[in-house]
Amino acid sequence: MKNLKKPTGQTARWLEELGTYNLTVTHRAGRKHSNADALSRRPCKSCERQESGNHASDDETDEIQLEETDFVNQELHENEEPTPRIEIVRVCTRSQTGNQSSATPSGYCIDGWDPDSIRQCQLEDPDMSLIVTYLQEKKNKPDWDQVSKGTSFQKTIWRQWDRLTINNGMLYRKFYCSDKDDVDNFKLQLLVPKSHQKTVFKYFHDVPSAGHLGPDKMLSRIQQLFYWPAMKSSMTRYCKECDQCAARKSLKRNKAPLGQYLVGEPMERVAIDILGPLPLTKRQNRYVLVLCDCFSKWTEAYAIPDQESLTIARTIVNEFICRFGSPLQLHSDQERSFEAKLFQDLCDLLKIDKTRSTSQHPQSNGSVERFNRTLLSMLTFYCQNDQRNWDEILPQVMMAYRSSVHASTGQTPNMMMFGRNIFLPMEAVIPRPDGPNESTSPETDKYVNELQDAMSKSHVLARKHLKQNSEYQKRHYDLKAVKRELQVGQAVWLYDASKKKGICHKLTSKWKGPYVVTRKIDDITYLVRRSKKQPGKVYHIDRLLPYQGRNRPLGSPKWKLEIHSSLFE
Numbered sequence: 001m002k003n004l005k006k007p008t009g010q011t012a013r014w015l016e017e018l019g020t021y022n023l024t025v026t027h028r029a030g031r032k033h034s035n036a037d038a039l040s041r042r043p044c045k046s047c048e049r050q051e052s053g054n055h056a057s058d059d060e061t062d063e064i065q066l067e068e069t070d071f072v073n074q075e076l077h078e079n080e081e082p083t084p085r086i087e088i089v090r091v092c093t094r095s096q097t098g099n100q101s102s103a104t105p106s107g108y109c110i111d112g113w114d115p116d117s118i119r120q121c122q123l124e125d126p127d128m129s130l131i132v133t134y135l136q137e138k139k140n141k142p143d144w145d146q147v148s149k150g151t152s153f154q155k156t157i158w159r160q161w162d163r164l165t166i167n168n169g170m171l172y173r174k175f176y177c178s179d180k181d182d183v184d185n186f187k188l189q190l191l192v193p194k195s196h197q198k199t200v201f202k203y204f205h206d207v208p209s210a211g212h213l214g215p216d217k218m219l220s221r222i223q224q225l226f227y228w229p230a231m232k233s234s235m236t237r238y239c240k241e242c243d244q245c246a247a248r249k250s251l252k253r254n255k256a257p258l259g260q261y262l263v264g265e266p267m268e269r270v271a272i273d274i275l276g277p278l279p280l281t282k283r284q285n286r287y288v289l290v291l292c293d294c295f296s297k298w299t300e301a302y303a304i305p306d307q308e309s310l311t312i313a314r315t316i317v318n319e320f321i322c323r324f325g326s327p328l329q330l331h332s333d334q335e336r337s338f339e340a341k342l343f344q345d346l347c348d349l350l351k352i353d354k355t356r357s358t359s360q361h362p363q364s365n366g367s368v369e370r371f372n373r374t375l376l377s378m379l380t381f382y383c384q385n386d387q388r389n390w391d392e393i394l395p396q397v398m399m400a401y402r403s404s405v406h407a408s409t410g411q412t413p414n415m416m417m418f419g420r421n422i423f424l425p426m427e428a429v430i431p432r433p434d435g436p437n438e439s440t441s442p443e444t445d446k447y448v449n450e451l452q453d454a455m456s457k458s459h460v461l462a463r464k465h466l467k468q469n470s471e472y473q474k475r476h477y478d479l480k481a482v483k484r485e486l487q488v489g490q491a492v493w494l495y496d497a498s499k500k501k502g503i504c505h506k507l508t509s510k511w512k513g514p515y516v517v518t519r520k521i522d523d524i525t526y527l528v529r530r531s532k533k534q535p536g537k538v539y540h541i542d543r544l545l546p547y548q549g550r551n552r553p554l555g556s557p558k559w560k561l562e563i564h565s566s567l568f569e
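Numbered according to our numbering, the sequence shown spans residues 1 to 569.
There may be inaccurate statements among the hints.
[Claimed, not checked] Straight-line Cα separation of at most 30 Å, BS3-like style, residue types lysine-lysine; simulated pairs:
{"hint": "1", "residue 1": "K174", "residue 2": "K141"}
{"hint": "2", "residue 1": "K480", "residue 2": "K499"}
{"hint": "3", "residue 1": "K510", "residue 2": "K232"}
{"hint": "4", "residue 1": "K341", "residue 2": "K532"}
{"hint": "5", "residue 1": "K155", "residue 2": "K194"}
{"hint": "6", "residue 1": "K174", "residue 2": "K198"}
{"hint": "7", "residue 1": "K194", "residue 2": "K141"}
{"hint": "8", "residue 1": "K500", "residue 2": "K255"}
{"hint": "9", "residue 1": "K474", "residue 2": "K464"}
{"hint": "10", "residue 1": "K532", "residue 2": "K520"}
{"hint": "11", "residue 1": "K249", "residue 2": "K480"}
{"hint": "12", "residue 1": "K474", "residue 2": "K520"}
{"hint": "13", "residue 1": "K198", "residue 2": "K149"}
{"hint": "14", "residue 1": "K240", "residue 2": "K202"}
{"hint": "15", "residue 1": "K217", "residue 2": "K510"}
{"hint": "16", "residue 1": "K232", "residue 2": "K198"}
{"hint": "17", "residue 1": "K512", "residue 2": "K240"}
{"hint": "18", "residue 1": "K512", "residue 2": "K499"}
{"hint": "19", "residue 1": "K249", "residue 2": "K500"}
{"hint": "20", "residue 1": "K446", "residue 2": "K464"}
{"hint": "21", "residue 1": "K198", "residue 2": "K510"}
{"hint": "22", "residue 1": "K520", "residue 2": "K510"}
{"hint": "23", "residue 1": "K457", "residue 2": "K474"}
[Claimed, not checked] Between beta-carbon pairs, the in silico distance windows are:
{"hint": "24", "residue 1": "M399", "residue 2": "R475", "range": "32 to 38 Å"}
{"hint": "25", "residue 1": "G366", "residue 2": "L486", "range": "21 to 27 Å"}
{"hint": "26", "residue 1": "L310", "residue 2": "G214", "range": "48 to 54 Å"}
{"hint": "27", "residue 1": "R463", "residue 2": "N551", "range": "48 to 54 Å"}
{"hint": "28", "residue 1": "T133", "residue 2": "A497", "range": "54 to 60 Å"}
{"hint": "29", "residue 1": "S209", "residue 2": "T165", "range": "26 to 32 Å"}
{"hint": "30", "residue 1": "G366", "residue 2": "V460", "range": "21 to 27 Å"}
{"hint": "31", "residue 1": "L486", "residue 2": "Q224", "range": "36 to 42 Å"}
{"hint": "32", "residue 1": "I393", "residue 2": "V488", "range": "50 to 56 Å"}
{"hint": "33", "residue 1": "Q334", "residue 2": "K464", "range": "31 to 37 Å"}
{"hint": "34", "residue 1": "L486", "residue 2": "E392", "range": "47 to 53 Å"}
{"hint": "35", "residue 1": "T24", "residue 2": "S195", "range": "55 to 61 Å"}
No wet-lab data here; the hints were simulated from the structure.
A quick note: this is a predicted structure, and the numbers were derived from the prediction, not measured.
The beta carbon of each residue, even a glycine, is placed where N, CA and C say it ideally should be.
Build the full structure now, drawing on both the sequences and the hints.
See the structure below:
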């Protein structure tokens, strides 16, 4: 190793560690090196093979004297001081059973769980001391007059008088494994005082060997060794208050009732979203900007190269607003492009009321989200094998969508927006018969009046259909909905399904918190403060869950956790 000119990696680190010592590397025979392959030299009980007498004795240890030196590898340590080293390293060459037992005479690795400590804690426990005294003095079971004055803990124990016993000065309870009639088939359960119950919970639930399993599995393991009254209820509370278990729960299926938002005319409320990324096209487009009028269901889809706020703002102004005018309200999710200052300034300049949905809750922008699924389905049928021509067929599939009857309005988006249906390519080539009401030179005023009447009738009919469809969707959605309500100041969990680069999503806890509810917006949205330094943020109630753990955040009501505060008292 010392002959290497430029040591790197592990070799360099070894030279760095050994550089402060003056040592000589010598060969050691295998018969003197039994500690290195002890597993291959274990005594075999079946064949009674004995090891040779060349091994080191039980009390033999080797002392290696390491002399300190001022030698420092200048290439590795140019600006560092030599690290002080221990002068003697004691190497044990054989298992020393006797010395190990003398090092830990008690044999108990958990403080307070040796027999003397257990006996002392049982005698000091106010609920168990009287029972231990009765059994040690071999008294008869006390009368009901004496038992009725005790606590519920004592009454439960007194009822099991025939199953109680004293073993090695400690109070035990007989636990019959199968049939109670089989008096010989039982295990002794140690009655755990309240001061030790928290330790039992820790080693049978929290540590890796326990695995944070549920109360049923936890009970089946604990009752093999321990007992105290109301074991299952206390374990259920403990698991319910465990932050790690609560953070790993899946999102509950019972959702809040569906909210409704009705619009009355075109361009009153426009929903916007970005679909992508999609395969890069020959025109260098990767995303689709989607705008949907919530009343007429007229939808526009524009292929864009990126999702920068400048690109989106320019497309909205040049392609949408210049053709259809400025909407009264623009609704989007919390995409960064829509939250940028440039986009906010555009809305302020055009007097557009900008609203947004709650994070990770696409149901709040359901109309455009549902259209995205339909658009992807239509593009799938006409894309080439390399999928790089989707922006070329995008205008054609949009024509098909806008000329089809929408289920919510009962009208086509073309009729709702322009008061007439367009001619499809097939309709343009087939001959049309002359009707009695058709004229080769219609009067302009008459046409305008007829168009206004047609649009008015379409809008009245659409409002009726929209209301009926909204009520139907809410009625169908609310069949399995559960109405919940949170209180201001209440501690809650927040469901966060966001993915981080380099972190396995399947091994990540989905619930974050605890956080504090600061304000109720409406029946399904709440303002939640995640920290004192950050302002509150609005979340849907489906992503919030009441916190029942033991680490109550500052600002949440104290009574929320006093319900379970008696668990370890």
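Cross-check of the supplied hints:
1. Straight-line distance between C-alpha atoms of K174 and K141 comes to about 17 Å, which keeps the hinted pair within the 30 Å bound.
2. The suggested pairing of K480 with K499 holds, with an alpha-carbon distance near 29 Å, which does not exceed 30 Å.
3. A hinted pair counts as satisfied when its Cα atoms are at most 30 Å apart, and K510 with K232 qualifies at roughly 27 Å.
4. For the hint pairing K341 with K532, the CA-to-CA distance comes to about 25 Å; that is within 30 Å, so the pair holds.
5. Restraint check: the Cα-Cα separation between K155 and K194 comes to about 16 Å, which is no more than 30 Å; the hinted pair holds.
6. A threshold of 30 Å between alpha carbons decides the hint, and for K174 with K198 the separation of about 22 Å falls inside it, so the pair holds.
7. Simply put, K194 and K141 have alpha-carbon atoms about 23 Å apart, close enough for the 30 Å limit, and the pair holds.
8. As the CA atoms of K500 and K255 are separated by approximately 26 Å, the hinted pair is consistent with the 30 Å bound.
9. In summary, the hint linking K474 to K464 is supported, as the alpha carbons are separated by about 15 Å, within the 30 Å threshold.
10. Distance check on the hinted pair: K532 and K520 sit about 18 Å apart at the alpha-carbon level, within 30 Å; holds.
11. Taking the CA atoms of K249 and K480, the gap is near 20 Å; set against the 30 Å cutoff, the hint holds.
12. Restraint check for K474 and K520: the C-alpha separation of about 22 Å stays at or below 30 Å, so the hint holds.
13. Between K198 and K149, the direct Cα distance comes to roughly 27 Å. Compliance with the 30 Å bound is thereby established for this hinted pair.
14. About 14 Å separates the Cα atoms of K240 and K202, which keeps this hinted pair within 30 Å; it holds.
15. Restraint check: the Cα-Cα separation between K217 and K510 comes to about 23 Å, which is no more than 30 Å; the hinted pair holds.
16. Annotation: proposed proximity of K232 to K198 holds, straight-line Cα distance about 14 Å (limit 30 Å).
17. The straight-line distance between the Cα atoms of K512 and K240 is roughly 15 Å, inside the 30 Å bound, and the hint therefore holds.
18. Restraint check for K512 and K499: the C-alpha separation of about 13 Å stays at or below 30 Å, so the hint holds.
19. Taken as a hint, the K249 and K500 pair is honoured in the structure, with Cα atoms around 19 Å apart against an allowance of 30 Å.
20. In summary, the hint linking K446 to K464 is supported, as the alpha carbons are separated by about 27 Å, within the 30 Å threshold.
21. A threshold of 30 Å between alpha carbons decides the hint, and for K198 with K510 the separation of about 27 Å falls inside it, so the pair holds.
22. This hinted pair checks out: K520 and K510 have alpha carbons roughly 23 Å apart, not beyond 30 Å.
23. With a C-alpha separation of about 26 Å, the suggested pair K457 and K474 falls inside the 30 Å cut-off, and the hint holds.
24. Here the CB-CB span from M399 to R475 is close to 34 Å, well matched to the stated 32 to 38 Å.
25. Look at G366 against L486: about 23 Å separates their beta carbons, and that is inside 21 to 27 Å.
26. The hinted window of 48 to 54 Å between L310 and G214 holds, with their beta carbons roughly 52 Å apart.
27. Distance hint check: the CB atoms of R463 and N551 are about 51 Å apart, consistent with the given range 48 to 54 Å.
28. A beta carbon spacing of about 57 Å between T133 and A497 agrees with the range 54 to 60 Å that was offered as a hint.
29. Separated by about 29 Å at the C-beta atoms, S209 and T165 satisfy the suggested range of 26 to 32 Å.
30. One distance hint, 21 to 27 Å for the beta-carbon pair G366 and V460, holds here, with the actual separation near 24 Å.
31. Between L486 and Q224 the beta carbon distance is about 41 Å. The supplied range of 36 to 42 Å therefore holds.
32. As the Cβ distance of I393 to V488 is approximately 52 Å, the hint placing it in 50 to 56 Å holds.
33. The supplied range of 31 to 37 Å is met by Q334 and K464, whose beta-carbon atoms lie about 34 Å from each other.
34. Separation of L486 from E392 is about 50 Å and conforms to the stated range, judged on CB atoms against 47 to 53 Å.
35. About 57 Å separates the C-beta atoms of T24 and S195, a value consistent with the hinted range of 55 to 61 Å.
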